[in-house]
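There are 2 protein chains.
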Amino acid sequence: MSACEFESLERTLESHLPETELSEVKRILFGKETQKLDLPTCAVNAATERDFELKGYRFEAAPEQLRPPRRVRVGLIQNRIVLPTDAPIRDQIDAMHSRVGEMVEVAAMCGVNVVCFQETWSERSPWSGTSHCDTSQSQRTPTCLLLPTAMPFAFCTREKEPWTEFAESAEEGGTTRFCQELAKKYNVVVVSPILEREGLRGTLWNTAVVISNSGSVLGKSRKNHIPRIGDFNESTYYMEGDTGHAVFQTQFGNIAVNICYGRHHPLNWFMYSMNGAEIIFNPSATVGALSEPMWSIEARNAAIANHCFTCAINRVGTEHFKSEFTSGDGKEAHHDFGHFYGSSYVAAPDGSRSPGLSRTRDGLLVVEMDLNLNRQISDKWSFKMTGRYSEYAKELAKTVQHDFKPNIVKE
Amino acid sequence: MSACEFESLERTLESHLPETELSEVKRILFGKETQKLDLPTCAVNAATERDFELKGYRFEAAPEQLRPPRRVRVGLIQNRIVLPTDAPIRDQIDAMHSRVGEMVEVAAMCGVNVVCFQETWSERSPWSGTSHCDTSQSQRTPTCLLLPTAMPFAFCTREKEPWTEFAESAEEGGTTRFCQELAKKYNVVVVSPILEREGLRGTLWNTAVVISNSGSVLGKSRKNHIPRIGDFNESTYYMEGDTGHAVFQTQFGNIAVNICYGRHHPLNWFMYSMNGAEIIFNPSATVGALSEPMWSIEARNAAIANHCFTCAINRVGTEHFKSEFTSGDGKEAHHDFGHFYGSSYVAAPDGSRSPGLSRTRDGLLVVEMDLNLNRQISDKWSFKMTGRYSEYAKELAKTVQHDFKPNIVKE
Chain B
1 MSACEFESLE RTLESHLPET ELSEVKRILF GKETQKLDLP TCAVNAATER DFELKGYRFE
61 AAPEQLRPPR RVRVGLIQNR IVLPTDAPIR DQIDAMHSRV GEMVEVAAMC GVNVVCFQET
121 WSERSPWSGT SHCDTSQSQR TPTCLLLPTA MPFAFCTREK EPWTEFAESA EEGGTTRFCQ
181 ELAKKYNVVV VSPILEREGL RGTLWNTAVV ISNSGSVLGK SRKNHIPRIG DFNESTYYME
241 GDTGHAVFQT QFGNIAVNIC YGRHHPLNWF MYSMNGAEII FNPSATVGAL SEPMWSIEAR
301 NAAIANHCFT CAINRVGTEH FKSEFTSGDG KEAHHDFGHF YGSSYVAAPD GSRSPGLSRT
361 RDGLLVVEMD LNLNRQISDK WSFKMTGRYS EYAKELAKTV QHDFKPNIVK E
Chain H
1 MSACEFESLE RTLESHLPET ELSEVKRILF GKETQKLDLP TCAVNAATER DFELKGYRFE
61 AAPEQLRPPR RVRVGLIQNR IVLPTDAPIR DQIDAMHSRV GEMVEVAAMC GVNVVCFQET
121 WSERSPWSGT SHCDTSQSQR TPTCLLLPTA MPFAFCTREK EPWTEFAESA EEGGTTRFCQ
181 ELAKKYNVVV VSPILEREGL RGTLWNTAVV ISNSGSVLGK SRKNHIPRIG DFNESTYYME
241 GDTGHAVFQT QFGNIAVNIC YGRHHPLNWF MYSMNGAEII FNPSATVGAL SEPMWSIEAR
301 NAAIANHCFT CAINRVGTEH FKSEFTSGDG KEAHHDFGHF YGSSYVAAPD GSRSPGLSRT
361 RDGLLVVEMD LNLNRQISDK WSFKMTGRYS EYAKELAKTV QHDFKPNIVK E
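Here the protein sequences line up with chains B and H, keeping their order.
For the first sequence, the numbering used here assigns the number 1 to the initial residue and increments by one for each residue that follows.
For the second sequence, the numbering used here assigns the number 1 to the initial residue and increments by one for each residue that follows.
Derived from the structure by calculation, the hints contain no laboratory data.
Glycine included, every Cβ here is placed at the ideal spot set by N, Cα and C.
Any given hint could be a false lead.
[Claimed, not checked] Simulated crosslink set (BS3-like; lysine-lysine; CA at most 30 angstroms straight-line): (1) H:K410 - B:K185; (2) H:K322 - B:K380; (3) B:K394 - H:K405; (4) B:K380 - H:K331; (5) H:K380 - B:K160; (6) H:K380 - B:K405; (7) H:K322 - H:K160; (8) B:K331 - H:K160.
[To be verified] Chain B stretches covered by chain H per the calculated footprint, using a threshold of three residues with CB under 8 angstroms from any CB of chain H: (9) 14-22; (10) 209-222; (11) 256-268; (12) 393-399.
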């Protein structure tokens, strides 16, 4: 069985383990059991018809006397590209618009409040300020929900063209304008990770645009840590972000976006949390041979350590490129860089997590979370109270000096 | 099946999953397969006779041209108390000396270079400077290897007596002197986590004493973060450590000790790493209902994020106390605080990990690691190069100010 055929860890465990042992295995691996969320029949049917996975789970919090529950539904979308990467760009865009559009429609049926897409899914949208369709509630047909494309993750190729053509303005680009319409139509906050081209300077960034459910652009969050590893030599395309650790206050909670490689940096998660993030999204693009055993560890560790929810999203499928490229590992030149393994999931502050989406299929993960759980777990585990951050601020300030003397005890 | 009967995750998976799926499940859960380490027959037989689990694994690194391999064997010991906690203290000590002693002897047979015990295993040793036995190589009988006891983890009781009687000097206590003899005898570095009573002040600390294989006390590392959670209200016994993030340079590599609750604090691991730790030990005492789903996440995340090896050690068994106590959760008073689930393991910087020891049995985990892997993975993944620590030093300094204004973007 090859790594790209293996459907999901959860399915394998459920297929083979006896019930009593299964429950212990799940408890150890996933923590307190995540309840299934009832989803509307129309959504379930639509997902089946449209051939993508739809899963729903619920994280509960204990009732409190002074605070009502703060239940939020997030939607995580993972998808593959639809047409080959050497098809005409316009055709690729149209095909992917259809695909992602029909998935977002289902998210809306499920009552999702905040939706997040995978890393760098933007394009210079054909949408130019005039809606392609009637966006009224009575016209919710899939063809009216064309979304900006998930661009191929072409950074392995080292080619600038045609890929940099996908870049656009975070504030005024077609993708952002399209998402604004979507946000208003469905009363949904949209986290839209794009390849950004910055105004007059024209520089590129890897950026998530956050759009309020009112339709206004709340702001943007640029990728803070840029990988230089294997095929992910993205530093040739854009630089380390300069937007710090902004947190966006929405009607549905305070959210932040830690893009892809930033999940390997505990300080990155930490600083979003220190700025008040209740949900941190991690839109990613990563392949099995490289990172899969880390995938279930890092976002989940961040949820535990920072008393918040984290949402890890990865694309699926294998993307082939016309121009062959090498991976800096001495192997022969090739045309793809492996299988994006999906497996998107949500982790909770109590150490539990949702099951993952499939490793191979497009999918929508709908998770309802009661944000009251964050403070409840913080009061229980007290990592922030016991964090001694003033001590670390002093130590870290010394550590970054060039004359830093490590505290090494020798005999 | 109750949580204390479930033997181990790994055993369950291996018993029920078909081979092809098992290999994928293991890859996703544990990363690159850890090779088994051949252990001497005498050690295997001795472990069987003495009724404890013995497992050996090996983490390899790629050959390099300019550096020879830097292979180190660490030994992690997990054990239960032997006699009831209300037995005469002297009897408890003697019984546990025998037990741990016979386990350490097997570690020596396996060529272990650095051995680490679980949290707070010390006592005011009967050993008073005169050896109880001939420690020469020719006299390696189990009775010659009496070790200081693993004290019951009595902090749940809130009682000070008799438990504080276990405390002793880190530099001059009987436990330390005993471990010094052990270190010299077996040419082994000993990490000895004790309940420390500090000199003339007489204050208590939760401390790991690090003893060189030469027999000298290299130094000590006090627990930096003290839990105030459920039954682990340890702040009534000792305070936050004041030894910072000391790293100990030994003949077998640079080691550090992150005691128990400090594993929930990513900054704690991070700062040991910034001071040059190649192996970070995490001697712990934690029970299933509280922390088990976090156990496999945190030390492993630290190994990944910091390009180093981490060694997580937990005791086993259920400890009953004569005086009943409450757990601050509204439930009835009781005499134990649940099952210590063992499951000690080693995590590597490449995202892989060893299988865990049993959840229920005493055990010795012997792991050979090539420390060259740390730099190889650092060069590959580059988390430190891309860490932007200067930026975080500035941000963190602001964050700890009382007039800190979080970076929250509002509509």
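Okay, the hints, checked on the actual structure:
1. Distance hint between K410 of chain H and K185 of chain B is fulfilled; the C-alpha atoms sit about 21 angstroms from each other, no more than 30 angstroms.
2. With a CA separation close to 27 angstroms, the supplied pair K322 of chain H and K380 of chain B stays within the 30 angstroms bound.
3. Simply put, K394 of chain B and K405 of chain H have alpha-carbon atoms about 19 angstroms apart, close enough for the 30 angstroms limit, and the pair holds.
4. At roughly 16 angstroms between alpha-carbon atoms, K380 of chain B and K331 of chain H fall within 30 angstroms of each other, so this suggested pair holds.
5. A threshold of 30 angstroms between alpha carbons decides the hint, and for K380 of chain H with K160 of chain B the separation of about 24 angstroms falls inside it, so the pair holds.
6. Taking the CA atoms of K380 of chain H and K405 of chain B, the gap is near 25 angstroms; set against the 30 angstroms cutoff, the hint holds.
7. Pair hint K322 of chain H plus K160 of chain H holds up; C-alpha atoms about 14 angstroms apart against a cutoff of 30 angstroms.
8. Proximity of K331 of chain B to K160 of chain H is assessed by CA-CA distance (about 64 angstroms); at most 30 angstroms being required, the pair is judged violated.
9. Counting residues of the region 14-22 of chain B whose CB lies closer than 8 angstroms to any CB of chain H gives 5, so the stated coverage by that chain holds, three being the minimum.
10. Counting residues of the region 209-222 of chain B whose C-beta sits closer than 8 angstroms to any C-beta of chain H gives 6, which meets the bar of three, so the coverage hint holds.
11. Coverage of the region 256-268 of chain B by chain H holds. Counting CB-CB distances below 8 angstroms, 5 residues qualify, and the rule asks for three or more.
12. A stretch counts as covered by a chain when three or more of its residues have a beta carbon under 8 angstroms from one of that chain; for the region 393-399 of chain B and chain H the count is 5, and the coverage holds.
In summary, the structure is inconsistent with hint 8 from the numbered list given earlier, while agreeing with all the others.
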